Every structure is written in C-alpha cells, then in structure tokens.
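Visitor: Sequence:
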Amino acid sequence: MKKLLVLVLVAAVAAIAWGVFRRSQPPRVNFARVTRQTLVSVLSTNGKAEPFEWREARVETAGLVKEVPVRDGQTVAEGATLAVIDDPSLEAEVRSTDARVAEASANLAALEAGGKPAEIADIENSLARARLDLERERRERDSLQRLAEKHAATAWEAAAAGEKAQQSEAEIAGLEKRRASLVAGTDVDAAAARLKDAVNALALARQRAARGVLRAPGGGVVYETSIRPGAYVKPGDLLAKIGLMDRLRVRVFVDEPELGRVAAGDEVLIAWDGLPGRNWRGKVERKPVSIQALGPRQVGEVVCAIENPGRELAAGANVNAEIRTAAAGNALAIPREALRRDAAGDYVLALAGDHVERRPIETGVSSVAQVQVTKGLADGDAVALPTDNPLKAGDRVTAVAR
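Residue numbers (my numbering): 3 to 404.
Hints should not be assumed to be uniformly reliable.
Computed cross-link-like contacts, DSS-like style, restricted to lysine-lysine with a CA-CA straight-line distance of at most 27 Å [to be verified]:
(1) Lys68 <-> Lys50
(2) Lys50 <-> Lys377
(3) Lys50 <-> Lys285
(4) Lys198 <-> Lys179
The calculated label-pair distances, taken between Cβ atoms and stated as ranges, are [as the list claims (entries may be wrong)]:
(5) Tyr234 <-> Arg97: 57 to 67 Å
(6) Gly297 <-> Arg217: 30 to 40 Å
(7) Gly318 <-> Pro362: 44 to 54 Å
(8) Val402 <-> Ser46: 30 to 40 Å
(9) Ala403 <-> Gly75: 55 to 65 Å
(10) Gly262 <-> Val86: 19 to 29 Å
(11) Asp239 <-> Arg263: 34 to 44 Å
(12) Pro362 <-> Ala265: 42 to 52 Å
(13) Asn202 <-> Asn322: 29 to 39 Å
(14) Lys289 <-> Lys198: 14 to 24 Å
(15) Gly262 <-> Asp239: 16 to 26 Å
(16) Ala192 <-> Asp239: 38 to 48 Å
(17) Arg249 <-> His357: 39 to 49 Å
(18) Arg263 <-> Gln39: 16 to 26 Å
These are computed hints drawn from the structure, not numbers from a lab. Source: prediction; values computed, not measured. Ideal Cβ positions, reconstructed from N, Cα and C, are used throughout, including at glycine.
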C-alpha cells in the first residue's frame, strides 16, 4: 500500500514538473521563407457578352404577326425576311387605290382619244343621219328647182326644199362643233393630274403595306427574337437583334473601389458556365465614365473586346471575367496571410534568432495567394504565419518551417 502511494506521488510530481517545463518553452510558430517568383495580379468579377456590332429590327406597323421565318442563332443576309405582319386595312387600301389608278388611266385615255366613247358614238350616229338627210334634201331641192323652171312646180315649193337642206347643214355643223368641244386642253390636264395623284396614293399604300414585311437591317446572327406568330404588335416593338458573332464585346462589372487597378489594354480571360473548361481571351477596351447600381453593388462597366471565331460564346451570356491588372517578374513574395496591418501601416513579424521582430514593409503586385514585397525584406527572410495565440514583436518562438 505504501509503495502504491509513493508511485502515485511520484507520478503527480512528474506531471507538475512537465507542465511547468512546457509553459516555459516558446510556442511553436509556422514560418514561411521569402521567395522570388512571378506574380500576376488578377481581378475576378462577372460580366455580360454581346456582339461587337449589332442592330435592332423593330416593328414599323401595327397588326398580327403572320409569320416569323427565322430563329435565334440563324445567320441571315441583309434584307432577309424576319417577320410578316398582317394588316387587312392596308391590303384594302392597296386594292382601292389600285382601282382608282385604273379608272383615272381609262378617263385620261378617253379624253386623249377625243372624249368618252358613248358620247362620241352618239354624235357620230347623229352626224351620219344628218348627212343622209342632207343628201336627200339636196336632191329634192334640185329636182324642185328644175320643175319650177319648167313651171311644173311652184317657186314656194322649191324655196321650202332649200330651207330644209340649210337646216340639215346647220345641224351637221352643230354636231361637228359639239364633237370638237368634247375635250378641252384643261380637261386632259385635269385627268392627267388625277391619274398622277392616284399613282402616288398607290405607291404610298404599297409602301405602308411593305412595312408589314420586316427585313434584316444588316447581315449577321439573329438573337433575342421577342415575338411569335399570332402576337399583336405595334410600331416600335422589338422583333429581334442581329449581330456579328465572330468578335464580342463583354461588359465587365467592376466594383467601384477596384476600378483604379484597371487600365485600357489589360488582358482579360472570359469563362462561361455554359461551356465549362473553355476560355476566351481579350483586352480591356475602355474604362467606364459613370458608376451605376448593380443590386447591392456600385460598379463601373469595363468594356472588353474578345475574339469568338467559333461563335461558341452566345450573345447575352452571363460570364465570369478575370482581368490581369498587373504583373511583376522575379519579385520578392510572401504568403498573403503573413501580411499584417495596423494604424502604422503594413508589416510582418520576421524571425530574428529565437524571437520575432516587427518589420514595416511596402507591397506591390498581389495575386490570390502571394504579395510582392518591394521594401523591408530580403531573400531568405522568414515571416510568421497566423497562430492560434496572439503573437507580438519580441516574443520568443520555436520556428517551424512550412
């Protein structure tokens, strides 16, 4: 029993001694060596793709959509039919004005021919009868005059026959004058003017009817088709967009505090969730001139241009973007987590023998994991990484290389 008690006491004393020893030992801290490497500063964000050149096709006349012979993704030439809009009132107007043209043309032709056919025919018939009557009356007059000379007829009978002939001559003269006066120069001019007005009205009606056939304003790929057959549309409604897809413009949304890092000419890498593993490269074309709200963010639209030779990236796609804002070769670099900051500025806790010391530093280019140190450290220096226990300048440590 006494031996057991002694063993317990010895174990307790040993444990206490070990605890006191452990508390007197410096804490184990992970350190990273300063290395030289190439650093690339990348700004990651999102954006939206659109054709570099594009046009809108908009409805010009109200009506029901009769036909839409194109679909999204289809390549069309300039002038190709995109949709047909049915407006019965326009078709009726074309038929009505076409009839007006035909009527006006017939009237002008009749006037240029000397008058209306019915009137001319009536006058010609009357002239024919009058000439026959005149020929008969002249024969009768001449016969009575010969008889009167032989005292076989009276002078009065001969004179009466002569008057009848004169009346027929006057009737013929009147009919000929009437025929000549059927068409005046002003009548022809008026008829020509009416025909011209009718032709202009027909051209205008056909022009309005032609607006019901929407044609491509330029060649390219159709996208964002927004109307379907049977829909009612009105002037100004968007039918579709047509763009050149071999080159795209990407509007990249950069948070306001990060805009200072971006410059025209920076390289950009575009990725799309619709084609995992596929990337498109381009350059920043221009920086924004204004800031706008995008949900809870305040962003500027950085416009980038990328090549899309296979037309794989779809217009309107929401994309992920990485802008390479800066690069530094053979740069002194430390892990980002080793960088500390307080009111005095950036610093690290560098290993100095068996303790750490504060080293103010200046930084340059940074990547996702590394930060360039332009002043304050040298090759081979070791800097402390974060620990579970607070660490301050002057603390003794047991360095552990990472």
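Visitor: Check the following: the C-beta atoms of Lys289 and Lys198 are separated by a distance inside 14 to 24 Å.
Guide: Violated: the Cβ-Cβ distance is about 59 Å, outside 14 to 24 Å.
Visitor: Would you say the C-beta atoms of Ala192 and Asp239 sit inside 38 to 48 Å of each other?
Guide: Check passed, 44 Å falls within 38 to 48 Å.
Visitor: Within 27 Å, alpha carbon to alpha carbon, are Lys50 and Lys285?
Guide: holds (15 Å)
Visitor: Holds or violated: 30 to 40 Å for the Cβ distance of Val402 and Ser46?
Guide: For Val402 and Ser46 the Cβ distance comes to about 32 Å; the hint holds.
Visitor: Is 19 to 29 Å a correct range for the gap between the Cβ atoms of Gly262 and Val86?
Guide: violated (53 Å)
Visitor: Hint check: Lys68 vs Lys50, CA-CA at most 27 Å. Holds or violated?
Guide: violated (33 Å)
Visitor: Would the hint linking Lys50 and Lys377 be met if the CA-CA limit is 27 Å?
Guide: It is violated: about 40 Å lies between the C-alpha atoms, which goes past 27 Å.
Visitor: Could you check the hint for me, namely that Arg263 and Gln39 are 16 to 26 Å apart, CB to CB?
Guide: Cβ of Arg263 to Cβ of Gln39: about 20 Å, so the range 16 to 26 Å holds.
Visitor: Given the hinted pair Lys198 and Lys179, is their alpha-carbon gap at most 27 Å?
Guide: Cα-Cα ~30 Å, so violated.
Visitor: Just tell me: holds or violated, for the beta carbon distance of Gly262 and Asp239 against 16 to 26 Å?
Guide: violated (42 Å)
Visitor: Between the beta carbons of Asn202 and Asn322, is the distance compatible with 29 to 39 Å?
Guide: Violated - the Cβ-Cβ distance for Asn202 and Asn322, about 58 Å, lies outside 29 to 39 Å.
Visitor: Is it true that the C-beta distance of Pro362 to Ala265 lies inside 42 to 52 Å, as the hint says?
Guide: With Cβ atoms ~29 Å apart, the hint is violated.
Of the numbered hints stated above, those contradicted by the structure are hints 1, 2, 4, 5, 10, 12, 13, 14, 15 and 17, listed in ascending order.
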